[in-house]
Amino acid sequence: MDLARVDVTSSITLAHDRYLPVDEAFADLLPDPGLIRGRIVGCRGTAATSLALALASRATMAGSWLAVVGVAPIGIEAAGELGVAIDRLVAVDAGGCRPDEWADRVAAAADGFELVLTMPPTGPPTRAERSIRKIRQRIQARGAVLLMISSGIGADVVLEVTAGEWEGLGRGYGHLRRRRVVVRASGRRVPRQVERELWLPGVTGRAELIEPSTTTVAAVTAGGGALERAG
Amino acid sequence: MWCPDWPVVAAGVAPTVPAIVLHANRVIARSPAAAMAGVQSGQRRREAQGCCPELIVLDHDPARDARQFEAVVRAVAELSPRFDVVEPGWLCLAARGPSRYFGGDEALAERLTAIVTEVLDSLGLASAPVGVGIADGRFASSIAARRADVTIAARRAGSNTAVVAPGGSASSLAPLTVGWLREVGEATPELVELFTRLGLRTLGDLAALPAGDVYARFGSAGLHVHRLAGGGDDRPPGTTDPPAEWRTERVFDEPVEHMETVVFVAKQLADELVATLASEGRVCTRVIVTAETEHSERSERAWYRAVGLSSAAIVERVRWQLEGWVAQPGALSGGIALLRLVPDQVRGDDGDQLGLWGGRSQADHDALRAVTRLTGLFGDHAVCVPAWRGGRLPAERYQWVPAPTADLDDPAGRLAPGDGPWPGGSPPPSPAVVFVEPLDAEVVDEQGGPIGISGRGEVSAPPAALVVRGAQRPLRTWAGPWLIDQRWWEPRRHRRVAQFQVVTDDGEAYLIAAERQRWWILAAYA
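As you go down the protein sequences, you meet chains A and B in turn.
Counted the way our numbering counts, the first sequence spans residues 733 to 963.
Counted the way our numbering counts, the second sequence spans residues 145 to 670.
Chain A on its own, in the form it takes in the complex:
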């Protein structure tokens, strides 16, 4: 009896200790109120990089550091526009394409930074799984969150951009203004698949939720743009 009670009281922790905050735009999409520490979130589809940066933005504003491992060409300006506090942004070289080396560096980064954004090197899926098991242990021990681009291997939550449509650009006029995307959340920690429409980025530069009432389903053709991103 006494032991059971101890268990209950010790499981009460502060919200901050359990998860990192995210933008309101993602509130409906994620199964939890934020990014649970120790978990892996996969971002896939055309807008995967923007999506991952937007997910990290609120936490960096709240003081967490974001380490980008092996995704060298991240647009720093875009990160800033999506809301990432770029004074807490660090890039770590992944040391070539060897999965072991990559896993070492991601694990080392998870020691010091609460958010780690990475893209797994290409290779046979079994090797990737082994590497990710190793990384998972470390991020769970340190309470970090791993955001993976272009991969859902081993992820607790997978956010997939199933459709993306830019606005503002015509045939020979205008400029890119905002992008309407459909994001689907799935994965083993997501009890029920959820799909939401977002501006990513919206006119403010940040991710914005498109209220379901204003959504015109026909405007977004599912299936378009579900390819892996180039580069």
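Hints may contain errors.
Claimed, not checked - Chain A regions said to be covered by chain B (calculated; three or more residues, Cβ under 8 Å):
1. 753–760
2. 816–825
3. 887–893
Stated by the list, open to error - Which residues of chain A face chain B? A partial, calculated answer using Cβ under 10 Å:
4. Thr-781
5. Leu-785
6. Met-793
7. Gly-795
8. Ala-799
9. Pro-805
10. Ala-840
11. Phe-845
12. Glu-846
13. Pro-853
14. Arg-903
15. Tyr-905
16. Arg-910
17. Arg-911
18. Pro-933
Think of the hints as simulated: they come from the structure by calculation, not from any bench.
Don't be surprised by glycine CBs; every beta carbon is placed ideally from N, CA and C.
Following the hints, put chain B in place on chain A, whose structure we already have.
Positioned in the frame of chain A, the structure of chain B alone reads:
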């Protein structure tokens, strides 16, 4: 002793040439000719160039400043061993002993000027301005040195010295404006501005207030400058000497030849030292850095910083010292075998020390440690932080710079966008993936023919497809060009780039560019 605008002097610029040294897009030093043209310290590059179009802009290179100043420091060391270097171009000497020996303050100043002149002549910097000030305490003498006539003519005539009689510091400071506090780094610009707004225009006004009232209104930072304004000495050092266990040192089993390795160890030692002091609520204002080679050659120097030495500041000073030492011909015959940091003057941390990376939360602390550790594990270039460079192309505006070379104490200076706007850049949103090396591509029209761009930015035909590695991707929409004409005044570095935004038929958007009839993919809106 103070050499104004040392960074410009150290670069070897003649005084008749208008030149400035920029750091974080602000002028930190200017040559006499630039000063004549109206260039001010703290100005932005644009403003300075507006004052004087033929201005030469030099990069900030603390290592160069330190190397050149090393010779001066060595010469002064023969005059008196009791001195400390505040920064390259500025050193403080305990005058009482030497002045008695040389027969008075004036004689000492004359002697000091002669020594420095000789060194500067041998460095080929004969025209460098030098000011010498003697007064009670570091603050009053620093100001005296700055108010001395620093021109070369005055130095030749021996009138570059300002001597304040003992006990006369308060009266000599009283008519000066409170701006001097900022000038010598004893107060923040905000505090000085506040004083001015409250009508405390001179140091005398400030000194006339009761100390208790100043403390109540402005806290310990206010009390400190109140004491200085009244001609008092710097912060009274702790009542006891710092205990020996606070010193940190590292003996290398294998003598180290690489500067970066020594600096890396210095970083560890500095972290250790600062952490030890911080755990007791103290901060070090004066540190003695000692380095020894395997053949017992030795470099020892005291460094002072009024606001307290953070770990990054200590490392910077170790770097200055080593740069200067290495640059001395014949000074080193082997690798470094020992590095020691001794806190010489320690005071209570009253909270006005500059925060590390803008704040000192646990996350910041962990991140800073991780940067150091990852750099140690994977090499100097393994960890990068963003820094503003400015430009019109996405890959130019912000760049990744290796963390060990970045000023991690000052993220605002590193990241603040300089003068804008940069006309010709593509409008926001910015691309989320910016290729460091642009990807080769081809753009074709409906018939598969190449597309030309006229000098006025008109395309010969609407772009219809983007060809990447042989695969053709039809374009749904496109716009442009945004034309960039860079450095048209320099034939060799002149670039004309036409940027386009395109969306392919699978919904992916790219920023592409044409330069000299070739097409590149610069970035992806991924």
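Right, here's what the structure says about each hint:
no. : hint    : result
1   : 753–760 : violated (count 0)
2   : 816–825 : holds (count 8)
3   : 887–893 : violated (count 0)
4   : Thr-781 : 4 Å, holds
5   : Leu-785 : 6 Å, holds
6   : Met-793 : 12 Å, violated
7   : Gly-795 : 5 Å, holds
8   : Ala-799 : 8 Å, holds
9   : Pro-805 : 5 Å, holds
10  : Ala-840 : 6 Å, holds
11  : Phe-845 : 6 Å, holds
12  : Glu-846 : 6 Å, holds
13  : Pro-853 : 16 Å, violated
14  : Arg-903 : 6 Å, holds
15  : Tyr-905 : 6 Å, holds
16  : Arg-910 : 8 Å, holds
17  : Arg-911 : 7 Å, holds
18  : Pro-933 : 5 Å, holds
This entry does not satisfy hints 1, 3, 6 and 13, going by the numbered hints stated previously.
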